[in-house]
Amino acid sequence: MNNYQLMIKADDKQVVLERILQVARYRGFLISGIHAQVNTGTNIGTIELLVRSERPIELLVDQINKLIDIKEVKVDNSASQQCIA
Amino acid sequence: MATEKKLTGGSLLFNVLEQHGVEHVFGYPGGAIMPIYDALYDSNVEHFLCRHEQGAAFSAVGYARASGKVGVCFATSGPGATNLITGLADALADSIPVVAITGQVATSAMGSDAFQEIDIFGLSLACTKHSFQVTDINDLAKVLHQAFAIALEGRQGPVLVDIPKDIQLAEVNGCLDKLVSLKNKVKLPPANVGSAIALLNQAKQPVLYVGGGVGMANAVDELREFASITGVPSVSTLKGLGAIDPEDENYLGMLGMHGTKAANLAVQQCDLLIAVGARFDDRVTGKLNEFAPNAKVIHFDIDTAEINKRRVADAAILGDLKVNLPALAIPLSIATWQDKCQQMKVDFAWDYNHPGESIFAPAVLKEVSDKMPKNTCVTTDVGQHQMWAAQHMLFDDPSNFLTSGGMGTMGFGVPAAVGAQVSRPTDCIVAVSGDGSFMMNVQELSTIKRFQLPVKIVLIDNAKLGMVRQWQDLFFNGRLSETDLADNPDFVMLANAFDIKAKLISKKSEVSDAIEDMMNHDGPYLLQVKINAQDNVWPLVPPNTANDKMMEST
Ligand SMILES: Cc1ncc(C[n+]2csc(CCOP(=O)(O)OP(=O)(O)O)c2C)c(N)n1
Ligand SMILES: [Mg+2]
Numbered sequence: 101m102n103n104y105q106l107m108i109k110a111d112d113k114q115v116v117l118e119r120i121l122q123v124a125r126y127r128g129f130l131i132s133g134i135h136a137q138v139n140t141g142t143n144i145g146t147i148e149l150l151v152r153s154e155r156p157i158e159l160l161v162d163q164i165n166k167l168i169d170i171k172e173v174k175v176d177n178s179a180s181q182q183c184i185a
Numbered sequence: 144m145a146t147e148k149k150l151t152g153g154s155l156l157f158n159v160l161e162q163h164g165v166e167h168v169f170g171y172p173g174g175a176i177m178p179i180y181d182a183l184y185d186s187n188v189e190h191f192l193c194r195h196e197q198g199a200a201f202s203a204v205g206y207a208r209a210s211g212k213v214g215v216c217f218a219t220s221g222p223g224a225t226n227l228i229t230g231l232a233d234a235l236a237d238s239i240p241v242v243a244i245t246g247q248v249a250t251s252a253m254g255s256d257a258f259q260e261i262d263i264f265g266l267s268l269a270c271t272k273h274s275f276q277v278t279d280i281n282d283l284a285k286v287l288h289q290a291f292a293i294a295l296e297g298r299q300g301p302v303l304v305d306i307p308k309d310i311q312l313a314e315v316n317g318c319l320d321k322l323v324s325l326k327n328k329v330k331l332p333p334a335n336v337g338s339a340i341a342l343l344n345q346a347k348q349p350v351l352y353v354g355g356g357v358g359m360a361n362a363v364d365e366l367r368e369f370a371s372i373t374g375v376p377s378v379s380t381l382k383g384l385g386a387i388d389p390e391d392e393n394y395l396g397m398l399g400m401h402g403t404k405a406a407n408l409a410v411q412q413c414d415l416l417i418a419v420g421a422r423f424d425d426r427v428t429g430k431l432n433e434f435a436p437n438a439k440v441i442h443f444d445i446d447t448a449e450i451n452k453r454r455v456a457d458a459a460i461l462g463d464l465k466v467n468l469p470a471l472a473i474p475l476s477i478a479t480w481q482d483k484c485q486q487m488k489v490d491f492a493w494d495y496n497h498p499g500e501s502i503f504a505p506a507v508l509k510e511v512s513d514k515m516p517k518n519t520c521v522t523t524d525v526g527q528h529q530m531w532a533a534q535h536m537l538f539d540d541p542s543n544f545l546t547s548g549g550m551g552t553m554g555f556g557v558p559a560a561v562g563a564q565v566s567r568p569t570d571c572i573v574a575v576s577g578d579g580s581f582m583m584n585v586q587e588l589s590t591i592k593r594f595q596l597p598v599k600i601v602l603i604d605n606a607k608l609g610m611v612r613q614w615q616d617l618f619f620n621g622r623l624s625e626t627d628l629a630d631n632p633d634f635v636m637l638a639n640a641f642d643i644k645a646k647l648i649s650k651k652s653e654v655s656d657a658i659e660d661m662m663n664h665d666g667p668y669l670l671q672v673k674i675n676a677q678d679n680v681w682p683l684v685p686p687n688t689a690n691d692k693m694m695e696s697t
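Here the protein sequences line up with chains A and B, keeping their order.
Take 101 as the starting number for the first sequence in our numbering and just add one per residue.
Take 144 as the starting number for the second sequence in our numbering and just add one per residue.
Heads up, some of the hints might be wrong.
[Unchecked claim] As a list, the in silico BS3-like pairs of lysine-lysine whose alpha-carbon atoms are at most 25 Å apart: (1) B:Lys517 <-> B:Lys644; (2) A:Lys171 <-> B:Lys517; (3) A:Lys109 <-> B:Lys285; (4) A:Lys166 <-> B:Lys644.
[What the hints assert, rightly or not] Quick list of the computed label-pair ranges, beta carbon to beta carbon: (5) A:Ile134 <-> B:Glu161: 41 to 51 Å; (6) B:Asn518 <-> A:Ile134: 27 to 37 Å; (7) B:Asn518 <-> A:Ala136: 45 to 55 Å; (8) A:Glu148 <-> B:Ala629: 51 to 61 Å.
Rather than coming from a laboratory, the hints here were simulated on the basis of the structure.
Virtual Cβ for every residue (Gly too), placed ideally from N, Cα, C.
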């Protein structure tokens, strides 16, 4: 199992969080933690997602990126490595 | 110019549909969508009443696939909406642009387990490309525009818009928004053209692996140009059929589980696989780590997530095929390989000799294919008859072969043919169905009757769930379990009950005349073709086996 931390920026739209969680589960990533908040000024949500999987993280990044309301997905390598250790 | 007239949400919906060029919709009314059906009354959009919402969804899919336009379907809340789901899943798996409009209980009742309330918005997450629920009338026009844009943008797919009843009734300014473009479009990394050219130049035995993306990208001409300039031998997926000219001397047919021997052997031997709008589906690759084991891969696609998903690409060419294929079309010197492939094609050509009196389905389908007029659109259901149609019928464009590929949904064929016929009223539409699949959406014969659609149905009748029976015989020690359909209804009488002319044939000697009678008949027609229940689809690559280890008979 590898641990990864994703930093996601998304438009604050209906069910965007549900969509991210659904894609993560369906693509074979278990969710270890989540922190989400919305900047009410910009209506942009920031989601930190901790996931673990046997699969390479690029698979999940590409799929989350395809969701319509997503602005950006980044893998936080420092955090991901810490988790692996 | 802005008009100030007040409209209801329902009328606004039709205005936006018309703005997007929608002329036809498929649907089924009910309580929570009544204001929309009321507005339909005054609109120019023509509505086709189907007899089940699944039929409406598949007709929208067939319409989209046959015409290249967005297919639109309507359903009421609750059971109406859930009945759409299989069709939406099918559209998602095959990347088909469909916009589904569902009625929903009024916003004040939402979340109270109201009559016919189901969280279709929640259900849609796994079976649509995107979905919306409109809770403010002022968002309705924008959301609908976005729905059309999303259905068509990049890799196409189904979009659902759930509209509560009070929003359908609410008054809104008649001002029509401009069509919007999408904000968060996925940005594609630059195409790896340099390395792809190098791979092409190094290759001695390249194969072009053509998928459904070619038709979706409207890039059939560019693909054929690429095939002709490079001379690379080509194979096709089920959904890619028709993209390559089937008469092309370097074309080897379908690959994968029921692919031709020549196609599968060429792919297994190739040193470069050029995947174009294809996604290395498990029915194509067989055992993945033994698929094209010696090949480097160039992967053309529009969807970043398909690159390296099941097979690592040595060069990824992301973006529009219409632009990228011409950029890589360079002449190659691969004459020895071409000769070898052409020889395999001759050595392993189909054999239509079939002993005995009973009808051989591959020969019937080949004859239908030979006799059907140019630009005929063929739909299929799912099972042995589907594979025989894919193997033995020839298509000159992907929009002329509509089959449920990714989802493999029985019940697809007849309603998809309805949609195809509505979109192309003057073209001949043939539905190749099986006796099991046909019964899954048999109610759509009513839609055919109501609109007098001249669809020709070729029903391959083995009185079995044949494909499952074949697997039980081959891989489950012949323990037949729930695959016998000996008590099927009288299909001729059934068709007649819907005013559809029908005929049953069971002997080889009857085939040619029957096909001609069907083709010459003006209206809808059902030809029931009785075949031997033991006939199997060959070749067959057993599950989890490399594609060169196909079975060719028992
Ligand atoms: C909706 C649905 N249910 C079940 C299946 C599984 N399945 C695949 S092929 C098949 C048999 C189809 O029988 P028929 O339509 O008579 O075609 P045949 O194989 O006999 O030509 C079944 C049950 C499916 N593909 N779709
Ligand atoms: Mg059957």
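What hints, given by number in increasing order, does this structure fail? Result: hints 2, 4, 6 break, sorted rising.
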